[in-house]
Amino acid sequence: MTRTLSLSFVQALDSTISRDKTGPHYRYHDDPYLIPITPMDRRVYALARESGRKAAAWIRDQHPHLFLSNTSDAPAVEKFLPIEEYSEESEVSEEILQKLIASCKVVDAATVYRLCSSKGIELSATTKQSLLELMCYYNEEEAVAEDWVEERSFAQVARPGRDMINTWKSGGLADELFLSLDEPSTAAYCALIRGLSKHNNSEEAWSRYQEAQTAGLPLDTATFNSLLLTIPLRHDGYEERVNILMGLLKTMASKGLRPNQQTLDNSLQVLSMTAGYRKTKELSLQLLQEMRLLGIKPSLTSYFFLVSIHYRQRQYLPVLTCTVSLLSPPTSSSSAYTTVSVSTFPRADLYCKPSLTSYFFLVSIHYRQRDDNGSSLIYSVLEELEKIEGDLPLLDPRDTMFFLQAIDVCCNKLQSLAAAQRLHALLERGKNQRLLGNNSKEVIY
Amino acid sequence: MTCALKLPMQLFKLNISVLGNQSLLSCRLPTMKSMDMQSLHCCAALNEAVTARYRATRNRTLPLTYEMAKGPFRIGTEKSWNSWNTSNLLDGKRRSESAVDDIFIRRFITGTWHDLFVSEVIIKRQFNMIRIAGLVQRKVQPRKMYFLIGYTEELLSYWLKCPVKLELQTVATKEDAIYKYI
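In the order they appear, the protein sequences are chains A and B.
With the numbering used here, the residue at position 29 of the first sequence is 29, and numbering never jumps.
For any residue, its number in the numbering used here is found by taking its place in the second sequence, counting from 1, and adding 1000.
Where hints are given, some of them may not hold.
[Stated by the list, open to error] Which residues of chain B face chain A? A partial, calculated answer using Cβ under 10 Å:
id	residue
1	L1046
2	E1048
3	T1061
4	T1086
5	L1089
6	L1090
7	D1091
8	K1093
9	F1127
10	L1148
11	E1154
12	Y1158
13	W1159
Just so you know, these hints were derived from the structure itself, not from any lab.
Quantities reported herein were computed from a predicted structural model and do not represent experimental measurements.
Yeah, the Cβ is synthetic: ideal placement off N, Cα and C, and Gly gets one too.
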């Protein structure tokens, strides 16, 4: 007879315990011989344990008939139950397919779908739509299982947008499903375009986008956001890319779609990848100001990209005095950018919580010069972040890049110990440690 | 057919015939073994308990761990059990299955961790979790140990269908676990 404690009680207890900085990580066995000392040891031990687990999983996959008996009287743990394989003889139905889609088993879902179609079982439109979405998201590959946490944790730091290789499986199940629909609905187009963008197939993404436009189908904000990310893939020049970016944002506005945090982050990512273009920095600031007017505050990801844009080369540039006013609320002192910026979006009363991604981009755009007079961007960014009460929110996978970029700026570009210490104090506060994300990022930091 | 007779200094044998033709009791002095007869032997010397006791060597070289050194009559006072579960309490479930699973776990651990465990394998069951504890000697590198830990935990979880956790403690050498030599 156990009573489950209520969540608030557990959270209250949790708040009394702070992170134990003296002990090793929980993933290591608690024994003096088995506690890692060097960073190499930390990596090796964690990955060795994971590889042991993988070996066991491999044995179980090879000999499933040995692991069938279950004498445990406890409620079944799904993970340990025998794995179900779907083959010609197995019974398939729409429910099984829906269950597989819900648990994101991509390969099994594909197999079951083919079995269904070969056996002539009718599938409803919603099932087909969810299957299409699953295929688009995963591109028909099984994601690296969530079990292998260490592998994912120790993977090399991958900057967003670096590996832009087209990995889309053309002619695969997603395309097949799309073509099988008699009248592709808005949702289907959205799913397909987002999938194509995610897997870096820019030509097809844009052709589908044109199709949707001519058919007059209303696409949603997220779809536009994902299209933004395909802009750097095109082989046009920098100026062209920026024009396309602006064009896309204007189209969004004309359709009456409100931008969200993602829009800002993705646009800044595009700008950070076209950093060779002279006007990128001003554009990034303009974009930031516009979004501020709409109530979208910059996030850590935005700051990451801003920092990476502005700290490309060591060039002397005049001090950007506007930056300080830029980061303050729009009702305060006039900034040159408020008047100059092209209003692509009608003013809308939106409130989005500040996101670290925006700060990330902002900082990366602005830190090109070595600036000692204290009014540089990084200090403004730090001020803004310190003002946020409580823990910094983690809204985007790219938020984790911010601290890495910022510390790089403080150490290498600015060479300012004070800034670095402020940044580190920010990191130590509350639960912000988790914003370092990956283990390898932690090491680099 | 048990015989509770205790006559010291005298060998007393009961020969019980399988075929049932001969008389039930017959005393004989010298033994005459026949293949078709079962024998029950009782005497003071023979009645002494012999389980879990080790024969002392002449030059006191047999190493005993604490568990081995203390006899089974000390279980509950100076010695404790190796398997902890609630299956033997009132309304306890899965008595036999737990026992058989424990046998399997012990064999598996002994076989996987080659000559590494220097103590008994302690198995504790809490809710649906199985915690396996023991002393391990530092014969192999830590990364190999981590491989074994991950492998054991995962494979036993798949086998027993419940989460298995290893709680090991390493000792420098085998001698660290030796209690006495007899």
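Evaluation of the provided hints:
1. A distance limit of 10 Å between C-beta atoms decides the matter here; for B/L1046 the minimum to chain A is near 40 Å, and the interface restraint is violated.
2. Of the supplied interface hints, the one on B/E1048 is violated, with its beta-carbon coming no nearer than about 39 Å to a beta-carbon of chain A, more than 10 Å.
3. Below 10 Å, beta-carbon pairs count as interface contacts, and B/T1061 has none with chain A, the closest being about 28 Å; its hint is therefore violated.
4. Interface restraint check for B/T1086: the shortest CB-CB distance to chain A comes to about 12 Å, outside 10 Å, so the restraint is violated.
5. Proximity of B/L1089 to chain A is violated relative to the hint, the smallest CB-CB distance being about 14 Å (cut-off 10 Å).
6. Interface hint at B/L1090: violated, since its Cβ lies 14 Å from the closest Cβ of chain A, which is beyond the 10 Å cut-off.
7. Given the 10 Å rule on beta carbons, the hint for B/D1091 is violated: about 12 Å separates it from the nearest Cβ of chain A.
8. Satisfaction of the interface hint for B/K1093 is found here, the shortest Cβ-Cβ separation to chain A being roughly 6 Å, below the 10 Å cut-off.
9. A cut of 10 Å between beta carbons decides the hint on B/F1127: the least distance to chain A is about 7 Å, and the hint holds.
10. Of the supplied interface hints, the one on B/L1148 holds, with its beta-carbon coming within about 6 Å of a beta-carbon of chain A, less than 10 Å.
11. Because the smallest distance between the Cβ of B/E1154 and any Cβ of chain A comes to about 4 Å, under 10 Å, the interface hint for this residue holds.
12. The beta carbon of B/Y1158 is positioned within 10 Å of a beta carbon in chain A (closest approach about 5 Å), and the interface hint is therefore held.
13. Nearest Cβ of chain A to the Cβ of B/W1159: about 6 Å, under the 10 Å cut. The hint holds.
Hint compliance for this structure: hints 1, 2, 3, 4, 5, 6, 7 are broken, all remaining hints hold.
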